[in-house]
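Undergrad: Sequence:
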Amino acid sequence: AYCYAELGTMIRKSGADYAYIMETFGPFLAFVRLWIECMIVRPCSQAIVALTFSVYVMKPFFPACEPPDDAARLLAVCCICVLTFVNCYDVKWATRVQDVFTYAKLLALFIIIAAGVYQLIQGKTEHFSFINTKTEVTSLALSFYSGLFAYNGWNYLNFIIEELKDPVRNLPLAIGISCTLVTVVYTFTNVAFYTTLSPAEVLGSEAVAVSFANRLFGAFAWTIPVFVALSTFGAVNGILLTSSRLFYSGAMHGQMPELLTMI
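Position in the sequence shown (from 1) plus 852 gives the number in the numbering used here.
Please keep in mind that the hints were generated in silico from the structure rather than gathered at the bench.
Heads up, some of the hints might be wrong.
[Claimed, not checked] Straight-line alpha carbon distances no greater than 30 Å define the calculated DSS-like cross-link-like pairs of lysine-lysine that follow:
# : residue 1 : residue 2
1 : K1017     : K957
2 : K957      : K944
3 : K944      : K1017
[To be verified] Pairwise CB distance ranges, derived in the manner of DEER restraints:
# : residue 1 : residue 2 : range
4 : F1069     : V893      : 35 to 41 Å
5 : T947      : F1072     : 27 to 33 Å
6 : R1067     : I983      : 43 to 49 Å
Beta carbons are placed, not taken as given, at the ideal position from N, Cα and C, and that holds for glycine.
Go ahead and model the full structure; you've got the sequences and the hints to work with.
TA: See below:
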């Protein structure tokens, strides 16, 4: 992450990966990277997060079964359209949305951590043993891969570096603080999960936070799916915000329609 931050302070151009590849390897590889992002990476990641948002929004209304697929897709489309409008209308609105929903995510995690601390005080440590732990290289690799999703977005500031104030100071500082915060918060969150759920229940659950809330919060269990939905809503906004800067950078180099230089 710090190496990436150093790249950002050396090459102060919006577009992050695209800008760095353009500067280092030239227009051909930059073009390939840009259009892979445009046609595959960005649409797929945005669709996945938006669908996650819709599933969690609808979960309280379908506690005993999975929400209907068509309804989930329709709500995901509405989420993307609303946030696209926000980003097109005013970048200040987009950054405010990002701030608000980031705070909502942290609040949800702190609620889970607080519940986990209470459970630890009550002596709920029976699920912390390493019985039946897998030690194969493939299992360890899959665990590392799964953990990477917690850090999704660590490079987003590089996409908007031309809009940052004093990037030489603020970019490494922001990445350092955010990565440290994510590491600490998600570690304690996982500890909290295992105070209530067994390893088999964690692995078998499609929504661990919801399973945790259903077991522990009773009538207030609906709050956790709502908070998770708010978190994913903010994630969709972050993807849109950075994608626009990526495509703007491509348009500035003549590799995307000139209209996008008006962003």
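Undergrad: Given a hinted range of 43 to 49 Å, is it respected by the beta-carbon distance of R1067 and I983?
TA: violated (21 Å)
Undergrad: Falls inside 35 to 41 Å, the C-beta gap from F1069 to V893?
TA: holds (36 Å)
Undergrad: Would the hint linking K1017 and K957 be met if the CA-CA limit is 30 Å?
TA: Between K1017 and K957 the Cα gap is close to 25 Å, so the pair holds against 30 Å.
Undergrad: Is 27 to 33 Å a correct range for the gap between the Cβ atoms of T947 and F1072?
TA: Check passed, 31 Å falls within 27 to 33 Å.
Undergrad: Starting from K944, check that the Cα of K1017 is at most 30 Å away, please.
TA: Holds - the C-alpha atoms of K1017 and K944 are around 15 Å apart, at most 30 Å.
Undergrad: Given the proposed pairing of K957 with K944, does the C-alpha separation stay at or below 30 Å?
TA: Holds. K957 to K944 sits at ~20 Å (cutoff 30 Å).
In this structure, only the earlier hint numbered 6 is contradicted, and the remaining ones agree with it.
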